[in-house]
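Asker: Sequence:
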Amino acid sequence: MMKRNNQLIIVVSVLAVLWSSCSDFLDQPIQGKQVLENYFANEDECLKALSGCYASLSPEDWWENDLFYLVGDICSDDAFKGNSLEGDQRDFGELARFNITPQNEWIQYKWQYAYEQIYRCNLVIKNVPEAPVSDDFKTRVVAEAKFLRAFAYFELVKNFGDVPLLLEPLTVNDPKQERVAASLIWEQIEKDLNDAALELSERSSQGAADIGRATKGAALAYLVKAYVYQEKWSEAETLAKQIVETGEYNLNDPFPTVWSIHNPNGNGSIFEIQTVFDNVLDAGTVLPVFTRSRADGGWGFATPSSHLDNFMAGDPRRDATIIKEGDYVDADYPSYDTQLSENETGRINRKYWVAWNDRPSQSEHTRTPLNHILFRYADLLLLHAEAAWHNGNEGEAISSVNMVRNRVGLGGLSSSGEQLLTDIYNERRMELALEGHRYYDLKRQKGIISPNSSRLKEVMDEFVSYNLGANSDYDAGNAKGSLFDEDVHLLFPIPQAEIDLSDGTITQNRGY
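Taking full-length UniProt numbering as reference, the numbering of the sequence shown is continuous, increasing by one, and the terminal residue is 512.
Hints are supplied without guarantee of correctness; some may be wrong.
Taking lysine-lysine and the DSS-like style, the derived pairs with C-alpha atoms no more than 30 Å apart in a straight line are [claimed, not checked]: (1) Lys-48 to Lys-126; (2) Lys-191 to Lys-176; (3) Lys-138 to Lys-48; (4) Lys-138 to Lys-126.
Bear in mind the hints are in silico, worked out from the structure with no lab data behind them.
When you get a sec, could you build the whole thing from the sequences and use the hints?
Answerer: In structure tokens:
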């Protein structure tokens, strides 16, 4: 779906304002106000409400959701806040340093817009079945809404753990909400994804107008990821294999073109946010501007670390992932300027970089038509490899990881045991670098040195040691990660504003 489209997106107002007055004027019906009682009256209105659900993936402006997709990079060893101006998006930098409080504005935004998406999805799921439209249409629209509701809950549970579970549109008269166990959230995610997968078509069956909508493959792929997060290895391996065998996705796109603005919805795309340039609407993405050098008209955030750069040295994917100070990019940028005086690492993210001729001439930060890939086939193959390893099927694991390696001309792996698992982890880091996965991967994975700990602790300890010791690059001496506390930072705090609004029925995560 388009991120925003004036024919498809509607803001549904549902808060009833109750006035008591003896004035005849105030007792008159409000003219021109859309109310739920007379909405969902035809297919067009149902689709507009559904489009609002899609729009919540990347709302109207950059700060509402787009920025938080970068947290998976900056809260890991792959990237820093980037922009070294301390007062510029200070709370974003505090996330990167693990100096996190319940008042952090980006935590609030993530919670707020995830529940906005859930609310919109609940409206569709409740009202479309009663609409005067065909049963086939109802089934498809509700299935897409369930997929998007599952996506929103996935984002919430992986960031906050226990959260309120809302399956009906919340009203002002409902009781204060409480958090429920994460296991129940995962259970609902699985149910919604299974329901969606039963009704949605495969990508190959979609018409041109439907490209970008949720598909059966997308629902099943997110179900695989939900299984992996819960360490349901058998279910994850089996389902991932089934998706592979459909032949719906492949790795035929060369790695440097995967994120190209000229390759939307490529062969390996399972689900991505659709964008478009429009002279009036803010229907694009902020990510290229947000991560680009300030010397190149960008804002300079989420800059890759030298640790990641060194890790990828010699890997064919490095140049399509990182631009370093002085690198040749293209004829317009033969020696790239990262504006070192305001860049923590002297690098920027190549995957979100857009060439000069492809940039909008106005309002670029909200109108760049670069689709944002949320799930791709290489990710699925590496999840299958990880699950297969845990099930003792090393041959299957090697086969999947080698498919990813072969695409970029690397030789196949032949390792086994703990080394094979480490190789799978390393492959995830190189293939998916700077796509927002690293922090979430590390915190769900068990440590290699200390299996009772998370990999995140091991990695951040090593990262701090590197930055304060052996590192002699632009980011040397940066103590990022030194505040990381495994007993606290595997989850983010519940926004204090939400606790206050609930009068304390919503409780805080440990350590905050």
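Asker: Each of the hints needs a verdict: does it hold here or not?
Answerer: We went through each hint and held it up to the structure:
Of the pairs offered as hints, the one joining Lys-48 and Lys-126 holds, with about 15 Å between alpha carbons and a cut-off of 30 Å not exceeded. Only pairs whose Cα atoms come within 30 Å are accepted, and Lys-191 paired with Lys-176 is accepted, the gap being roughly 25 Å. Restraint check: the Cα-Cα separation between Lys-138 and Lys-48 comes to about 13 Å, which is no more than 30 Å; the hinted pair holds. For a cut-off of 30 Å, the pair hint linking Lys-138 to Lys-126 stands: about 11 Å separates their Cα positions.
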